[in-house]
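Student: So the chains spell out like this:
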Amino acid sequence: MTLSTGIDIAYLVAAVTFILALRGLSSPRHARKGNIIGAIGMVIAVGVTFARPGLTHFGLIAIAMVIGAAIAVPAARLVKMTAIPQMVAMFNGVGGGAAALVSLSEFARYSHHHVAIYKIVEVLLGVIIGCISFAGSAISFAKLQEMMPTRPITYPAQQVVNGVIAAGILALAGLVLATNSTLTLVILLVVALVLGVAFTLPIGGADVPVLISLLNSFTGLAVAASGFVLHSTVLVVGGTLVGASGALLTQMMSKAMGRSITNIIFGAFGAVVTASGSMERSGGGSVKSGTPEDIGVLLAYSRKVAIVPGYGLAVAQAQHVARELADSLAKRGVDVFYAIHPVAGRMPGHMNVLLAEANVPYEQLKEMDIANMELPTTDVALVVGANDVVNPAARNTPGSPIYGMPILNVDAAANIVFLKRSMRPGFAGIDNELLYDPKTTMLFGDAKDMLTKLVAAVEAS
Amino acid sequence: MTGSILNLITVFVLAGFLGFEVISKVPSILHTPLMSGTNAIHGVILVGAIIVTGTAHGNAQLALGFATIVLATLNVVGGFVVTDRMLEMFKTKSQRATEAARHTDAGIPPETGSSARGQGKG
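Going line by line, the protein sequences match chains G and X. Following this note's numbering, the numbering of the first sequence begins with 1 at its first residue and continues without gaps. Following this note's numbering, the numbering of the second sequence begins with 1 at its first residue and continues without gaps.
Some hints here could point you the wrong way.
Quick look at which bits of chain X chain G covers, simulated, 3 or more residues with Cβ under 8 Å [unchecked claim]:
| # | stretch |
| --- | --- |
| 1 | 15-25 |
| 2 | 30-42 |
| 3 | 69-76 |
Taking lysine-lysine pairs in the PhoX-like style, the calculated list, with each CA pair at most 20 Å apart, reads [claimed, not checked]:
| # | chain 1 | residue 1 | chain 2 | residue 2 |
| --- | --- | --- | --- | --- |
| 4 | G | 80 | G | 448 |
| 5 | G | 288 | G | 80 |
| 6 | G | 366 | X | 25 |
| 7 | G | 288 | G | 33 |
| 8 | G | 255 | X | 25 |
| 9 | G | 119 | X | 25 |
Read the hints as simulated data drawn from the structure, not as lab findings. The C-beta atom is built at its ideal place from N, Cα and C for all residues, glycine as well.
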């Protein structure tokens, strides 16, 4: 067996581990093992690459890898669970950037010779898709980190401007094909970055997770394109697997939010802000606010309580106190469950991760469909830092931007308690009529603070 | 050359179908970990980054390669670590009990420890 055959076999093994990793990640029982199998495959793929004939500069390569790992490990380990979505965005973006640079490097080498058109097309795809993914992920990161407004940023004729930029990219691509000029490719790279920024600006904060998933799929395709450029099967397999599964995952996510992908990308969702910050609505509804003691008694003497956690709970790091409250209610014989909306938190499944971190028993977590069957017989629905996912406008107001999104029907419960910092609307920026419902009591304050007071009140009553 | 590009296209098409098929039934609680896990897998671009850097000529190409490797390593290492951290949270009740037993019974004879682990698996 020659060396290169051995290397190819190792790459094949790695490709198989990626498939096994994906399969493992689709089931709760095998997810962690799947991820580890993928990591082992990656170590194999990277390791055997060093054995390829003709490679030099090992010292430089090693230093670069050590630097990358030295940044990545602490960043990934120390980041708060609430900030996980932006970390995923960042790691995805750098992957896209790397794919673009790999294609660019390769192109810089053969631009002087006569090159087959299809090879240049491969390079162009790698550079364009990789750069869009890089720049788009950077904007997603900034939005989630609240380094820039989370609301959609719109301006007149935005889609026309984006169209012009896209046309510019096509024109530059044509020029690269005609001239083989590296300089033109670099200009194209910059314009592709601009397009990545321009097309993500109008996407509102609530939709950013779907956007990240879409960009994840893009990076996969950019990596596959680099695989074509370098004639590397393992890159093509790894990249394409992610491109395809990422596209499917994006579709699943947007379905969970009741929206279409085109609507998310071109809809400037949540740009329309209705009333906010006022205690009195033009419609004349008023808000009832309560004390922790009142609510504590109400909870303690209920038969069934649903806790509806939202991003506010995560931000306040209140998942542990929420569990204390659930435990002390359960001790009194109250039937407690968590009603989890698929997009509670900032990403599908994000809330499950946060609650699992607080050791909430798996059996108490109820997914939306089951929770909605339980809610009509629920005495108190305690909404902690959630808003859009319980907004009846999604059912009742055809004009509303969230119309059609499946929601948790907390309005079916006998009593509703909203634990919120203020009357400010949720991430999507839409007013929630439920706050003015006669069944609703507001409990204003920091989620963690208020939950702690509620625990004390329940224990006292 | 056309033969090898056709081979790659074959691989591309098959991997595409496989990518769709293999995750067709994912519970929504795993959407985020799956996104993060696939994110780590496209970190395989590190292989490409090493190849272009290892064959680079001149300082400009080397500098570009160096930056590419840093980015790719961030992607692959960060991707796997962050996914593992998320999945750490998904434990069944018995796994948690096992872990608690391991933490509290650090000094007890090994038989008890192994039987607790056995229960955890069952």
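Student: Would you mind marking each hint as holding or not holding in the structure?
Tutor: Okay, the hints, checked on the actual structure:
1. 15-25: holds (count 10)
2. 30-42: holds (count 13)
3. 69-76: holds (count 8)
4. 80(G) to 448(G): Holds - the C-alpha atoms of residue 448(G) and residue 80(G) are around 16 Å apart, at most 20 Å.
5. 288(G) to 80(G): Distance ~34 Å between residue 288(G) and residue 80(G) Cα, so the pair is violated.
6. 366(G) to 25(X): Roughly 19 Å between the alpha carbons, so the hint for residue 366(G) and residue 25(X) holds.
7. 288(G) to 33(G): Violated. Residue 288(G) to residue 33(G) sits at ~49 Å, over the 20 Å cutoff.
8. 255(G) to 25(X): Between residue 255(G) and residue 25(X) the Cα gap is close to 14 Å, so the pair holds against 20 Å.
9. 119(G) to 25(X): Violated, at about 36 Å.
Hints 5, 7, 9 from the earlier list are contradicted by this structure; the remaining hints agree with it.
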